[in-house]
Amino acid sequence: MTELAQEIVIRPGHTARHYWSGLWLYRELLWFLSWRDVLVRYKQTTIGVAWALVRPLLTMLVFMVVFSVVARLPSEGKAPYAVLVFAGLLPWFFFASALSETSNSLLANERMITKIYFPRIVIPLSSILVSFVDFVISGFLLLSVFLWFSFYPDWRAVFVPLFGLLALSAALGPGLLMSALNVKFRDFRYVVPFIVQIGLYISPVGYSSGLIPEPWRILYSLNPMVGVIDGFRWSLLAGEFSLYWPGFMASLAINLLLLIAGLAYFRRAERSFADVI
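According to the numbering used here, the residues represented by the sequence shown are 1 to 277, in order.
Calculated from the structure, these hints are not laboratory results.
What you are looking at is a predicted structure, and each value in this text was computed from that prediction instead of being measured.
Check the hints yourself; a few may be wrong.
Quick list of simulated restraints, FRET-style, between CB atoms [as the list claims (entries may be wrong)]:
(1) 272 / 61: 43 to 51 Å
(2) 51 / 149: 46 to 54 Å
(3) 40 / 239: 21 to 29 Å
(4) 276 / 139: 36 to 44 Å
(5) 22 / 211: 43 to 51 Å
(6) 23 / 108: 15 to 23 Å
(7) 139 / 114: 24 to 32 Å
Idealized CB from N, CA, C, for every residue including glycine.
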């Protein structure tokens with residue numbers, strides 16, 4: 001039997017109409033690039049994928065010493081402080097890794113972009129999937145933390161995948177925007193590490209967002225990662241964490257706005273990637 005071949009015919013003025021169907025036809029390229037990047041990331045490393053566990057574990061220990069022992073910040077209810085911190089670190093590391101990898105993805109695949117046609121959004125999407133692999137691996141470490149402290153989530157844990165998708169969208173919108181800007185303005189490669197560094201301290205990773213004074217919580221929640229981290233803690237802390245719904249909705253709105261803006265700018269700029277890069 002012979003396989004049915006599919007082809008894409010590019011006509012002026014018709015690319016937008018068939019863009020997403022064309023993306024589906026290139027799904028195998030998406031998986032190939034993702035698998036390639038996973039192999040490259042851990043190639044010739046001593047402990048391999050364990051690096052995805054070492055970084056959040058060491059960060060959790062540092063945060064416990066600084067915020068719990070030195071600053072004596074409280075946890076949430078009966079939840080151990082380590083569980084509180086790791087429930088915030090898990091989505092944060094996914095966001096930080098996905099944003100960093102996505103913003104540099106187009107420049108890292110310069111030769112592909114200049115030589116062949118394919119939907120350019122495949123490249124940043126593959127970077128997101130690579131970071132998602134680390135996210136899943138780190139999730140097993142979170143289970144170990146639960147077992148160590150004999151603290152277990154309740155029925156709310158079923159919403160963890162939903163907040164995982166929210167974390168993905170929080171990284172995808174700015175990531176698409178930064179990757180497109182990075183092609184035209186190479187200075188933006190220095191902006192992303194600064195955003196990640198500052199974002200770690202203005203996001204409730206090492207502390208609870210409940211410590212923010214009430215008059216400032218809405219303003220604080222304009223950070224899109226506040227809603228993501230609070231959502232993870234609401235899902236994992238077995239009723240010990242109360243979700244601040246006005247702030248969560250504000251964070252969700254900013255998240256959606258950034259996703260739409262990032263996608264719109266990327267679609268408009270990708271036509272000139274091959275000429276500019």
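These are the hints, each one checked on the structure:
1. 272 / 61: 43 to 51 Å: 46 Å, holds
2. 51 / 149: 46 to 54 Å: 24 Å, violated
3. 40 / 239: 21 to 29 Å: Check failed, 42 Å falls outside 21 to 29 Å.
4. 276 / 139: 36 to 44 Å: Since residue 276 and residue 139 have Cβ atoms about 38 Å apart, the given range 36 to 44 Å holds.
5. 22 / 211: 43 to 51 Å: 48 Å, holds
6. 23 / 108: 15 to 23 Å: Given range 15 to 23 Å: holds, Cβ gap about 20 Å.
7. 139 / 114: 24 to 32 Å: 38 Å, violated
Checked against the numbered hints given earlier, the structure breaks hints 2, 3, 7 and satisfies all the rest.
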